[in-house]
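Asker: Sequence:
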Amino acid sequence: VQLQASGGGLVQAGESLRLSCEASGSIIKIGVVGWYRQAPGNQRELVAVHTSTGTTNYADSVKGRFTISRDNARNTVYLQMNSLKPEDIAVYYCAGVIVSATGTDNYWGQGTLVTVSS
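As numbered in the working numbering, residues 559 to 676 make up the sequence shown, in order.
Keep in mind that the hints were calculated from the coordinates and are not lab data. Keep in mind that the hints are not guaranteed to be accurate.
[Said to hold, decoys possible] Simulated crosslink set (EDC-like; lysine to aspartate or glutamate; CA at most 16 Å straight-line):
hint	residue 1	residue 2
1	Lys587	Glu573
2	Lys587	Asp663
3	Lys621	Glu645
4	Lys643	Glu580
5	Lys587	Asp629
6	Lys643	Asp663
Using the sequences provided together with the hints, build the complete structure.
Answerer: This is the structure we're talking about:
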């Protein structure tokens, strides 16, 4: 099982980006998925989470600006980021609990860099 994150880039403050994270491999079921970020010099923090039953939760710093969603048919989770701010600059990682042919485990994507210019 692999998670492939994409969609990062350089935008100006106030603009939007959509990150994608596609899971591949011998996937039986995807449970809770989430997006994390790590800014330079900081610890990795949770940005948003989406459970398999549809419950979502967000860090206070992104509430009202970011939206996490998932397409189970495509094994893909998205993070729509609007009204981006310079403080959103970070490497964004997706993660998920995935049931595969070898069992249940936590998986991480490789990270995608988001840069916001002021």
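Asker: Each of the hints needs a verdict: does it hold here or not?
Answerer: Against the structure, the hints:
1. Lys587 <-> Glu573: violated (34 Å)
2. Lys587 <-> Asp663: holds (11 Å)
3. Lys621 <-> Glu645: holds (14 Å)
4. Lys643 <-> Glu580: Measuring from Cα to Cα gives roughly 25 Å; hence the hint is violated.
5. Lys587 <-> Asp629: Answer holds: Lys587 to Asp629 is near 12 Å, not above 16 Å.
6. Lys643 <-> Asp663: violated (33 Å)
The earlier numbered hints that this structure contradicts are 1, 4 and 6.
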